[in-house]
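*Asks:* Order-wise, the sequence lines are chains A and B.
Note that my numbering has the first sequence beginning at 1, numbered continuously upward.
Note that my numbering has the second sequence beginning at 306, numbered continuously upward.
What the hints contain is simulated information worked out from the structure, not anything from laboratory work.
If you're wondering where the values come from, they're calculated on a predicted model, not measured in any experiment.
Hints are not guaranteed to be accurate.
Derived DSBU-like pairs: lysine-lysine, alpha-carbon spacing no greater than 30 angstroms straight-line [stated by the list, open to error]: (1) B:Lys508 <-> A:Lys120; (2) B:Lys394 <-> A:Lys82; (3) A:Lys239 <-> A:Lys148; (4) B:Lys479 <-> A:Lys114; (5) A:Lys114 <-> A:Lys205; (6) A:Lys5 <-> B:Lys508; (7) B:Lys535 <-> A:Lys239; (8) A:Lys82 <-> A:Lys45.
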Amino acid sequence: MDQKKLAKVRKVLLGRNLSEGIFGRIALYGLLIIIGFVYLFPLIKMFTYSLKDLADLVNPVVEWIPTKLYLENYLTSLIVLKYGKTLLFSLSVTLIPALLQTVTTSITGYALAKFKVRGKRLVFALILLTYLLPQQIYMIPKFVLFDKLGILETAWSILFPATFGQGLSSAIFILIFYQFFRMQPVALDESAEIDGANPYQVFWKIGVPLAAPAYLSSFLFSFVWYWNETYISSLFLGKELYTLQLKLLNFQSQFNLATGISQTMTNEAIRYAATILIILPVLVIYLIMQRWFVEGIDRTGVTGE
Amino acid sequence: MLSIWALGFLAFTLYPIFTSLYYSLSDVVLSGTGIQITFVGLANYRAVFSTAAGFSFLQAVLDFAIEVLVKVPIITVFAIIIAVLLNQKIRFRGFFRAIYFLPVIIASGPVITQLVNQGAATIPLVEQMGIRDWIDATFVPALAHPIASIFDQLIVILWFSGVQILLFIAALQKIDRSVYEAAMIDGAGPWESFWKITMPALKNMVLVSVIFTIINLATFSENPAIVHIKDNMFALETGFGFSSAIAWLYFVVLAMILAVAVLLLSSFGKERRRS
């Protein structure tokens, strides 16, 4: 009898696996919340600090909740970043290349998945090579090439490579589309062909609509990666054109330029406000489209088969 | 339909790659009228090992190698743990997933730099609870410093593991639940199930995740080695030729690190199968 009772208590407390039993549950949720907090901590800190005025900043008692709602930091940042204008330019070198890149990589992926192409293995090897080879190796000749073409320090230096499937992480997107189109049943294409559709119609009328989720995921990732990219854009866009990220990178000089005050270090509240303003667009998109981001990775096909 | 890609590949990848090789063997001088390229053989590569600019680049590469050695195992282990936790039957799974993936969306070079500079990337608890003191007291100084720096950078390290978590979740979801049930009936506990069922199923994904992590770290825009390549492009005493040379050396080092990682991981896999 006692034995049975003991076993029952054990089962309630420990369970048969991690997610059952009281101890297991407490440990599980405890870990998830602690690690989750570690992830959120910088964001929370950034947000509360961005609302502090100078008095709050130096006051050691005020840690998490500012004494009043102080929005001056945001106003300053909006002016320093020239937010409206810079946002528009940022979008033009992120949204448009993301769209172009998605279209081109989908076409490439489709061709590799559906047609018998000679040297397919070679093409795959080259695509993987573009992923493994650090951009930095061919940045310099690209720089010279763009200079010769006269597109250096214009948005075209970002748009051109994207159009031709050589944009940011293009290789990954080609593989996503390849995997996705390969899984579509061939019977559908064949029946369309029997009904007289040419390959382009098959692509437009059958391939594209069925691959809508892949298009959405690829576009979103492409957009976010372009948004966060600074190395290539800082090199190709030159000293005159600034994306929001580049403004943040050079925040101090931008601040001095915009306000006419010469400081070596602005207070952190203003910097945090600027950082929040810069992650805001992607943050909003992420919160709305969260599902598609998370599912996007599952589709890459790197997951095994 | 492949032609768009092929055209782009030739113009924006293949041609630049070969030009870069040629530059790395040349002295490239930019002037008002254009560029002058004179073939100089291996001089640029020799310069890497004999000039101040070269030495500071080599130091950056060494730092990068150590960074990989420290961060890749941490990221991989953390990602597996979090993925296993998230794969349990829990409430608010979507909510937790959303949090853990958040950094992938917002972590750009400048944003991370801001966080690190302003101190938002360190957990105050590490200082307050005396973890730092405990580390200093427990380990010899040579070990204490790297270990403490891991704690200091913990948030940044965790912030780099979003994609890896998703990779592992995807792999975990492919495991048939009935395998666990069968193991349970045979008397296996959660611990045993994890090592005998979960880990073998994740083996391939560990490889994918490690490769992804290394490349991600290698191409991160604030990586000092990469910053060197860009800075030397426009530096007076070095220029495009030298810059191309260190870019290629960097690639060789990266390829070697990748090869070692792949060899290590696949030999571990074999060992386990034999036993």
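*Asks:* Any hints from earlier that this structure breaks? Give me their numbers in increasing order, please.
*Replies:* When the structure is compared with the hints, numbers 2 and 6 turn out to be violated.
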